[in-house]
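Asker: Below, each chain spelled out in residue letters.
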Amino acid sequence: GEDVEQSLFLSVREGDSSVINCTYTDSSSTYLYWYKQEPGAGLQLLTYIFSNMDMKQDQRLTVLLNKKDKHLSLRIADTQTGDSAIYFCAENLGTGRRALTFGSGTRLQVQP
Amino acid sequence: GAVVSQHPSWVICKSGTSVKIECRSLDFQATTMFWYRQFPKQSLMLMATSNEGSKATYEQGVEKDKFLINHASLTLSTLTVTSAHPEDSSFYICSARDRTSGRGYEQYFGPGTRLTVT
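If you read the protein sequences in the order shown, they are chains A and B.
1 is the number of the first residue of the first sequence in the numbering used here; add one for each residue after it.
1 is the number of the first residue of the second sequence in the numbering used here; add one for each residue after it.
It should be emphasised that the hints constitute simulated quantities derived from the structure, not laboratory data.
Predicted model, so just to flag it, every value in this text is computed and none were measured.
Some hints here could point you the wrong way.
What the hints assert, rightly or not - Listed next, the in silico BS3-like pairs over lysine-lysine satisfying Cα-Cα at most 30 Å (straight line):
no.: 1; chain 1: A; residue 1: K36; chain 2: B; residue 2: K20
no.: 2; chain 1: B; residue 1: K64; chain 2: B; residue 2: K41
no.: 3; chain 1: A; residue 1: K67; chain 2: B; residue 2: K41
no.: 4; chain 1: B; residue 1: K41; chain 2: A; residue 2: K70
no.: 5; chain 1: B; residue 1: K41; chain 2: A; residue 2: K36
no.: 6; chain 1: A; residue 1: K56; chain 2: B; residue 2: K41
no.: 7; chain 1: B; residue 1: K66; chain 2: B; residue 2: K55
Said to hold, decoys possible - Partial list, derived from the structure: chain A residues whose beta carbon lies under 7 Å from chain B:
no.: 8; residue: A41
no.: 9; residue: F102
no.: 10; residue: S104
In this text, a Cβ means the ideal position worked out from N, Cα and C, and glycines have one as well.
Go ahead and model the full structure; you've got the sequences and the hints to work with.
Answerer: Right, here's the structure in full:
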């Protein structure tokens, strides 16, 4: 089955950049996603990248996709305390499927 | 933007009882909704795909007789946990796709329902 892996924890200082990494296995995914989950809450779609793109920038967020290595990263510029949350990368569960498979989540802690 | 609600947000029930969780798309129609389960400090795992007007599709290892899914309308799917046991305690999250949206990436998540079985 599909497997999406992430590092579990990242701590940065306010104002620094954060980089969260993810590796995935299903090369047929059309889109790859980054979701944010705050404590006790549901998931918020932060950004996504189409599989034929290498990079996408959206304000403070930059997504890099390396299809050869099946590596996805999310860079948050000028990280703020409000960015503290768990970040999940996700891909479609399989060819033609809309359901998602998620990584284990990276807990980002932003220190003032 | 599209909003998905869940009700209740938090429920405590006794072992052996059944609990119904609702997932509603508030401002769009959803022919397909998904039910995920999240254990503490873990990722989300897909339980089943809820299809309007037809039977749900369950993932391997998920008991369909224990987790009853009904998708009776284009805006409502329900998940009933039957004969709940403490090991069913979890965070249940639904998501929905707007059937009219041409943007295949868009899937909207509900806020989740925390179930505690005592």
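Asker: CA of A/K36 to CA of B/K20, is that 30 Å or under?
Answerer: Status holds; Cα separation ~27 Å.
Asker: Does A/S104 pass the interface hint, meaning its C-beta sits closer than 7 Å to a C-beta of chain B?
Answerer: Check passed: Cβ of A/S104 comes within 5 Å of chain B, closer than 7 Å.
Asker: Need the status of pair B/K41, A/K36: alpha-carbon distance at most 30 Å?
Answerer: OK: B/K41 and A/K36 at ~14 Å, within 30 Å.
Asker: A/K56 and B/K41: Cα distance at most 30 Å?
Answerer: Distance ~29 Å between A/K56 and B/K41 Cα, so the pair holds.
Asker: Against the 30 Å threshold, does the CA-CA distance of A/K67 and B/K41 hold or violate the hint?
Answerer: 28 Å, holds
Asker: B/K66 and B/K55 were given as a pair; does the straight-line alpha-carbon distance stay at or below 30 Å?
Answerer: 15 Å, holds
Asker: Below or equal to 30 Å on CA atoms is what counts here, so check B/K41 against A/K70.
Answerer: 25 Å, holds
Asker: Is it true that the CA of B/K64 sits at most 30 Å from the CA of B/K41?
Answerer: 25 Å, holds
Asker: Do the numbers back the hint for A/F102, that is, is its least Cβ distance to chain B under 7 Å?
Answerer: 5 Å, holds
Asker: Report holds or violated for the interface hint on A/A41, using the least CB-CB distance to chain B and a cut-off of 7 Å.
Answerer: For A/A41, the interface hint holds, since the closest Cβ of chain B sits about 6 Å away, which is under 7 Å.
When each numbered hint is compared with the structure, no violation occurs for any of them.
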